[in-house]
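**Q** Here's the letter readout for the chains.
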Amino acid sequence: AAGVIQSPRHLIKEKRETATLKCYPIPRHDTVYWYQQGPGQDPQFLISFYEKMQSDKGSIPDRFSAQQFSDYHSELNMSSLELGDSALYFCASSSSRGTTNTGELFFGEGSRLTVL
Amino acid sequence: SQQGEEDPQALSIQEGENATMNCSYKTSINNLQWYRQNSGRGLVHLILIRSNEREKHSGRLRVTLDTSKKSSSLLITASRAADTASYFCATSGTYKYIFGTGTRLKVLA
Chain X
152 AAGVIQSPRH
162 LIKEKRETAT
172 LKCYPIPRHD
182 TVYWYQQGPG
192 QDPQFLISFY
202 EKMQSDKGSI
212 PDRFSAQQFS
222 DYHSELNMSS
232 LELGDSALYF
242 CASSSSRGTT
252 NTGELFFGEG
262 SRLTVL
Chain W
181 SQQGEEDPQA
191 LSIQEGENAT
201 MNCSYKTSIN
211 NLQWYRQNSG
221 RGLVHLILIR
231 SNEREKHSGR
241 LRVTLDTSKK
251 SSSLLITASR
261 AADTASYFCA
271 TSGTYKYIFG
281 TGTRLKVLA
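Keeping their order, the protein sequence lines are chains X and W.
Quick note, the working numbering runs 151 ahead of the 1-based positions in the first sequence.
Quick note, the working numbering runs 180 ahead of the 1-based positions in the second sequence.
Hints were generated in silico from the structure; no laboratory data involved.
In this text the structure is predicted, and so the values were computed from the model without any measurement.
Hints are supplied without guarantee of correctness; some may be wrong.
Per label pair, the in silico range of CB-to-CB distance [claimed, not checked]:
#1 Ser230/X / Lys249/W: 40 to 50 Å
#2 Asp207/X / Gln194/W: 38 to 48 Å
#3 Glu195/W / Lys166/X: 24 to 34 Å
#4 Thr169/X / Thr247/W: 40 to 50 Å
#5 Ser192/W / Gly189/X: 18 to 28 Å
#6 Ala258/W / Ser231/X: 28 to 38 Å
#7 Gly209/X / Asn198/W: 40 to 50 Å
#8 Glu185/W / Ala153/X: 48 to 58 Å
Using N, Cα and C, we set each Cβ at its ideal position, and we do this for glycine too.
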């Protein structure tokens, strides 16, 4: 079965540079979530999209933005990178529709961002 | 944490023993879920318990929920070395899931 696909898996950037992470949710899933996880930390909710519209927002810095496209893939854009942005960034998807709504999140394997 | 505390933060047991992890949360919930994360990997859903349920089983997993205390526990019976991972509880809002701080479980062979 298809899973959530994230790219790139690893990314190294310098301070003040820009990074873009991509996420391809499970087909027919209507909601995408982005999480940030620092070393030894719990996943922190950043933002979510339902049917391509922003649906909720968490502790996402103003330097970050995200969107979901017509094909349901999502991108997280991070500008003016800081050392503290180094983390694992996870995308997850879920379905709210009928019998496919199990209430669970399906996670990708994450994108590891290192800011030097 | 955006959610609350899990305890213990770290747990080390021998293979075959049972492992119990606890989670507290802050808000009213529709359901509570437990996830497992192997080091550096994505989280994997284990079990969901609804707010009107008190206990649920799945294989070697047993979850309890006490909404009056806003707490849940996850019991893994007859643990195996392959159970070594971090375990997180999560509560779900309409369009976000909030995770607890997690318990790092190490099962020694």
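**Q** A separate judgement is required for each hint: does it hold in the structure or not?
**A** Status of each hint after checking the structure:
1. Ser230/X / Lys249/W: 40 to 50 Å: holds (43 Å)
2. Asp207/X / Gln194/W: 38 to 48 Å: Check passed, 42 Å falls within 38 to 48 Å.
3. Glu195/W / Lys166/X: 24 to 34 Å: violated (45 Å)
4. Thr169/X / Thr247/W: 40 to 50 Å: Roughly 44 Å apart at Cβ, these two residues keep to the hinted range, so it holds.
5. Ser192/W / Gly189/X: 18 to 28 Å: holds (23 Å)
6. Ala258/W / Ser231/X: 28 to 38 Å: violated (50 Å)
7. Gly209/X / Asn198/W: 40 to 50 Å: Given range 40 to 50 Å: violated, Cβ gap about 34 Å.
8. Glu185/W / Ala153/X: 48 to 58 Å: Since the Cβ atoms of Glu185/W and Ala153/X sit about 35 Å apart, the hinted range of 48 to 58 Å is violated.
The structure fails hints 3, 6, 7, 8 (numbered hints given earlier, in ascending order).
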